[in-house]
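K.L.:
Assemble the whole structure, with the sequences as input and the hints as a guide.
One letter stands for each residue in the lines below.
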Amino acid sequence: MSGVTDWRKAGFGVYIHWPFCAAKCPYCDFNSHVRREVDQTRWRDALVRALKAEAARTPGRIVDTVFFGGGTPSLMPPETVAAVIETIRNEWTLASDAEITLEANPTSVEAGKFRAFSAAGVNRVSMGVQALNDTDLKALGRMHSVAEARAAFEIARSVFDRVSFDLIYARMGQGVGQWRAELREALDMAVDHLSLYQLTIEAGTRFADLYRLGKLKKPTDEAAAAMYDATQEICEEAGMPAYEISNHARPDAQSRHNLIYWHYGDYVGVGPGAHGRLTLERGRVATETMLAPEAWLEAAERDAIGSAGETAITPEDQATEYLLMCLRLREGADLARYEALGGAALNPARIAELVGDGMLEQKGTQLIATAQGRILLNALLAKLLT
Amino acid sequence: MTKTENIRNFSIVAHIDHGKSTLADRLIQMTGGLSEREMTEQVLDSMDIEKERGITIKAQTVRLDYKAADGEEYVLNLIDTPGHVDFAYEVSKSMQAVEGSLLVVDASQGVEAQTLANVYQAIEADHEIVPVLNKIDLPAAEPERICTQIEDVIGIDASEAIHTSAKSGLGMEDVLEAIVTRLPAPKGDPDAPLKALLVDSWYDAYLGVVVLVRIMDGSLKKGQKITMMRAGATYPVDRVGVFTPKMVQVDELGPGELGFLTASIKQVRDTNVGDTITTERAGADEPLPGYQPSVPVVFCGIFPVDAAEFEDLRAAVDKLALNDASFSHEVETSAALGFGFRCGFLGLLHLEIITERLEREYDISLITTAPSVVYKMLMKDGTEMEMHNPADMPDVMKIEHIEEPWIKATILVPDEYLGDVLKLCQERRGVQVDLTYAGTRAMVVYKLPLNEVVFDFYDRLKSVTKGYASFDYSIDGYEPGNLVKMAVLVNDEPVDALSVIVHRDKAEPRGRSMCEKLKELIPQHMFKVPIQAAIGGRIIARETISALRKDVTAKCYGGDVSRKRKLLDKQKAGKKKMRQFGKVDIPQEAFINALKMDS
Ligand SMILES: Nc1nc2c(ncn2[C@@H]2O[C@H](COP(=O)(O)OP(=O)(O)OP(=O)(O)O)[C@@H](O)[C@H]2O)c(=O)[nH]1
Ligand SMILES: [Mg+2]
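Order-wise, the sequence lines are chains P and W.
Its first residue numbered 35, the first sequence is counted upward by one per residue in this note's numbering.
Its first residue numbered 3, the second sequence is counted upward by one per residue in this note's numbering.
These are computed hints drawn from the structure, not numbers from a lab.
Mixed in with the good hints, there may be bad ones.
What the hints assert, rightly or not - Derived coverage of chain W by chain P (criterion: at least 3 residues anywhere in the stretch with Cβ under 8 angstroms from a Cβ of chain P; other residues may be distant): (1) 215-229; (2) 244-255; (3) 547-553.
To be verified - When the alpha-carbon atoms are kept at most 35 angstroms apart in a straight line, the in silico DSBU-like pairs for lysine-lysine are as follows: (4) P:K249 to W:K585; (5) P:K252 to W:K519; (6) W:K585 to W:K572.
In this text, a Cβ means the ideal position worked out from N, Cα and C, and glycines have one as well.
P.N.:
Below is the structure:
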């Protein structure tokens, strides 16, 4: 298989980054910023121009998925969302069954815009519910209440075919029993998809400061792992098994956009701090744009993309990236594709050792991390690749 | 060739840090050997490792030209020596190449353990000794008191001790005059067959093997065919020269002179320090007595982290050994570590310096195993064998008894720390031999089993006395001991490189401490890793490294790929610094650090 066609195995997606939030959450290390005023026209024009430039170097492709992430893309004017989708449709070919997802905050203000987003072409929302109790929502710095989230969620269900929501668990002071109850409640509410993330303290966040000062208590590693195990068991029972480390779905309701990442397909990253992986004539490249919103906007007005650099990815690194993404999936990674990408097979002795330890399973050319292997994925990869 | 009457050869000896190298700096400067611009502090400490640690490791020779008060031109050959006990062999080697010693004593600290040790060596070498009281610029300097101390403790006349500040240059004229007037000129017959003592040799990237010689009789010239008498090798001389300290070629070297030669020497083994160099034709009949071989007292295994680097290690070890006759090595194989070398050293600092030089100068990552001493095994069948490596321990059923080496240690320490020193020696199975006072300082003599000293005795001594104690030792002989081999099992497999010989009474605490240390040193794995210490089949201590429970990142999307890959690359690089035993990765530094005791 030539590198040029490799990406086709996993599809082609477009990611749009909207960097603005109404408030910065204390746990979030994403590229998000609070601005009193956003020049909506400038931003819309810049995004449209960036898309055109990206399309010019990936001509003729069929876009399978579009994803609006952030920041808080539900703060975007629906006209901007419409302009973006329209541009994608015009510049590339948009698949007739394209999945177009937008991340949304579950507040009444944003719920009011759902119909307009839908009219613009969005067919899936992913809502940042985060917790189903008000005290914790407050501690997480969220601006919504549980009641408000539930109301927004009901509106979303009625507007969109597909709705997912996020929860954060292993939160400060949370016990396993408490989480089990909360998860059951969430499953009752869920439509077809859930993202369940363990709280991690990221460097540079307010939580990191509090944690350092001893003002924020996390569950022990053991308790957090027990919560992870409970999550797998409960979701499985409820018919929403994990298809990836933190993502659960009913059959056929997986996030197709995110699967492009995990299958190591091609994707365009547009907007500040967006990353892409593109197979071009000269090989596979990693793209990255300017991080700060204003810096990106200015750069994009000069070069259309707001690029912060592009680097060629060596075959060996491509194989590594494929493996580290794909082993997150319950379906596992294809050894043949690993070898085709990097030009060398994985060490069979290592595989055998890890199979013996119950960390891996091999089915034909498919290499699968077991439940045990998946939660130790970092150690597993280090072992597998040395 | 200089007339022998106008030559003076001397070594500068002292306890560590008393200012030998700084004194050498001033003498070089005074006599114009180096210009102001070329001068640096402790200019003779030329290795990076010497500069960083501020200590001299290798003795260095310099020739100075000096016009004395009597109007005569003199050639002075100075050898700056190291002060630390582990490099005492460098000092004794140097002393045999010269006729006198400047005994430098820090006028604020006074006589220390190596001051004593060096004086005894100088007396043994028949040296004229000139005491120099250095650092008199320090407010705490008490030259008068120290003078009396030298006379009381050492028993040599110090009434004409020279007062200097090597830092400011004070007293340098006096030093130079004393060298000329108080030290004897060398003897030697210029017409006799060449007899030169091979004092030192080292590998130079440009010149190949460089040999430092002291001419006893005859003369050494470029183009001569020379023979190393003991090695039996013959080479034509390419270059002859002296150090000023820069390398300067000369036509010939005559009796009493010190200098270097190069001779396209390919076989590193042909240049053994202490050998005698003569001419191939009409050479000397009898070699010089040469040097007493140094006796390594501490042994450890050295292995490349990457087994593929063994041949590189071999080349590096050969080159380094050329430059350090007190370092011995032979190939060793370990079940766990593969090919490496069993190396012998004069002490732990020596071990540390050699391994650091191998890593730095030759760019090889090393695993150093637990240091051990040489045990004598007296077998039931009446035979006797030496054991340098705990991994070679014979079947205990066949051993009648084991003997271990003991040392006699001399420790000088201010009064207030005496109690701590006695306690430390006692803990290490020491037997007190003597305790005397010189003013407010105590001099304790202890007999100690070397295996209790080898590892961290010196560090502990420094820490309990806040650095105020000084320490010197000599090997005292072998005595039977109740010794056992303690094996360490990691994940139920014995790791031979971690086994140690211990006194039975110390086995349990030692085993516990090693298991605890290893628990900290070995990273968590995907499975739990038991660590056990065992004597024979009996487990005497155990710890368990719990399994990693969960390390996967919660979120990994399109923007996280590059970062994740770089993180993984880092992790992989970290793994390269470890060696795999069975399924367990053990970091390279664990082998040595597992032995460090906290108290
Ligand atoms: N104040 C003062 N300091 C001095 C004098 N001579 C040397 N020193 C300092 O003492 C320290 C040790 O000096 P060195 O010349 O390296 O001592 P050394 O005896 O060669 O040490 P080793 O080779 O390690 O045994 C350095 O910091 C010097 O600057 C002196 O006369 N006065
Ligand atoms: Mg020195």
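K.L.:
Indicate, hint by hint, whether the structure satisfies it.
P.N.:
A quick look at each hint next to the structure:
1. 215-229: violated (count 0)
2. 244-255: Violated - the segment 244-255 of chain W has 0 residues with a Cβ nearer than 8 angstroms to chain P, which falls short of three.
3. 547-553: Per the Cβ count (4), the hint holds.
4. P:K249 to W:K585: Between K249 of chain P and K585 of chain W the Cα gap is close to 39 angstroms, so the pair fails against 35 angstroms, i.e. violated.
5. P:K252 to W:K519: Roughly 28 angstroms between the alpha carbons, so the hint for K252 of chain P and K519 of chain W holds.
6. W:K585 to W:K572: holds (20 angstroms)
Checked against the numbered hints given earlier, the structure breaks hints 1, 2, 4 and satisfies all the rest.
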